[in-house]
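Undergrad: Take a look at the letters that make up each chain.
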Amino acid sequence: MDAQAMHIANGIVNGPVSAIFVVFAVAVLAVCVWKAQADLDDRLAPMAGLVAAFIFAVQMLNFQVLPGVSGHLLGGTLAVILVGPWVGALCVSTVLIVQCLLFADGGLTAIGLNITNMAILGTAAGYLLVAGLVRLLPKNPYGLGVTAFIASVVSVVVASQGFVLEYALGGTTQLSLPWISGTMAGTHVLIGIGEGLIAATTVATVARVRPDLVYALRTFRKPVTVDVEAVA
Amino acid sequence: MGAGHAHPLYLDRAGRLHRLAPEVKIAAVLLFTIVVVLTPPTEFAAFGGYLLLLAGVTAAARVPVPWLLKRATIELPFVLLAVVLPFAGHGERVDWLGMSLSIDGLHGAWNIFAKGTLGVLASLLLAATTTMRDLIVGLDRLRVPSVFTQIATFMLRYIDVLADDARRMRIARLSRGYDPRFLWQVKAFAVGVGSLFLRSYERGERVYLAMVSRGYTGRLPVVAGRRAAPREWMVSAALPVASAGIAVAAAVLA
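Sequence lines, in order, name chains H and S.
Each residue of the first sequence is one higher than the last, beginning at 1 in this note's numbering.
Each residue of the second sequence is one higher than the last, beginning at 233 in this note's numbering.
Just so you know, these hints were derived from the structure itself, not from any lab.
Just so it is clear, CB atoms sit at the ideal spot from N, CA and C, and this is done for glycine as well.
Take these hints with a grain of salt, some might be off.
Unchecked claim - If you want a taste of the chain H side facing chain S, the calculated C-beta under 7 angstroms gives, among others:
#1 ALA48
#2 ALA131
#3 THR205
Same shape as in the complex, but just chain S:
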């Protein structure tokens, strides 16, 4: 049960971004995304600039590009909505390869695709360079109410408890000769979901009481953490400031 210190999107590297304090990274990603979303979709050059900025961050974080692109595919279900737009949209239409496409819909599709992709890439870079624990410490330092950080801490801890208990119950079923194929596994899941919940709760309750009896008061003790130095704020401010510069330049030149 020693797991739970990393999450599937974390990439263990000794990169410069890994060592930055988590609160400055969260703030930088938040501000960058806000700048991206506020950019009018027709400023095509600005979006290219943002992508270059993220490429620079990727290099600084020493995150391999294929690794990043593979994980960015979680965006795909939503891109499907974007593909429908040029066909379903209203207004002026153009003909392209024999298909009648709505200009408004094309702009909308580009808007969703460009902003969605940039946002997903920025979040992935944050996730790749920050452990779950650091993320909660960072949110705590950004003055997020402790009810939130407390729920988040337990949630992240109990995801492993749930997964472990689900695995144990599955092994127990298999060892009793239960081996359904394909969709029929759903039946065992439906019957067992209540007891999975209760078993996990009782295990989680023991974890919680053990923490309380060791002095847990609702906040994670800070072991090795230190608050962000002014220099770290300056370094991470580079991303939102540069993106804001691109946005302003695009607006002025246009």
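Isolated chain H, as found in the complex:
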């Protein structure tokens, strides 16, 4: 395993703004922990771990699309579809915390910024789109695949613009904001397409073979009727 990815490092955004985002991230994650308690059952606990492991693996794929700005897959949309928004946000945050502590990827004081962008903004954008699109598109593996693709592209771009907002509030140097915004958006549209393809194939396969594992389809699931005679 070669750790190459890099999130926001220490010192890119100044102390006060970093602190504000730590408070923001902690508050949102507290809500997620509270909501997730209800979701985390025998089926979701191992799934949450696997989704986190999967995200950990895909975040190692790092794209150097433009000099100086690199990006990577985020995996928030995949998490939303398979484990729901609350556990999903916790999965992405767990990945970020472990990367920060063990692999020195992303600064420890920038953890609030990184969690806000990738775990909260990215996951929230992905969730809103998935919740809407699942109702519009056919509830089969193809419809879900298309949903995953569109939601991934949008959520990755939204997350990248989170950095632009934080940089505007507390950047330690003067770079022109439109330039950063454009570079980040351009890079992350390409990354979003890559991420969308991975998320779409994964989700479509899971929906085809084990539809019971797809959180996004939960509300449309028919009540299970067990035919006892057929089993006997």
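Position chain S relative to chain H; hints supplied.
TA: Coordinates of chain S only, in the frame set by chain H:
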């Protein structure tokens, strides 16, 4: 499948830092990094002091310096951003070797480089002296919600499951005469990523059910661990206290 007790950045040594309780190490690194980031970038002497402190910790941990430096190169992609800053920044400019550089950008580049490097070194020292399991136990003792430690435990366990299954599928492809070169390997990965996920899930589900049937309740049982003694808190407090002292001294003398 007996792997998964160490991670690639762990260095198995019998150093003094390896024996410290994990929660005090996490707290020390966190506080040290906060002090570093809060230091104004123009206090150049303070950053030298921090580097000396980390050198002392490296010696106490018996981590070889080349080992540490090699792993610190993961910072490089971000340093690239720092290199652009003096050229792209605004404000007053200086001429150096015929190049027009922005002073603001130079300070910014130094800021990112110095703070980033110190943070990466501190995290690497934590990783080198703490196993994954100890790290989770440490987070648990620092009252991190159990949902987090539970997800983290499974994540670390399943990374090996994923890697093992990916390896098996690759061997299966090779043994069926599939041997593409270079970029064409991506096709097999793209086609197989869904089934890799499902296979790993079903393997992971069995691991989970086996754990539950052996009495797992969402917390790792503490086998040999003991809570940090007051003396350990004192020892590890040396790093953040010393760095805070340097920061204050630099601010007063300046």
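Undergrad: Compare the structure with each hint and give your call.
TA: Against the structure, the hints come out as follows:
no.	hint	verdict
1	ALA48	5 angstroms, holds
2	ALA131	22 angstroms, violated
3	THR205	3 angstroms, holds
In summary, the one numbered hint that this structure violates is 2.
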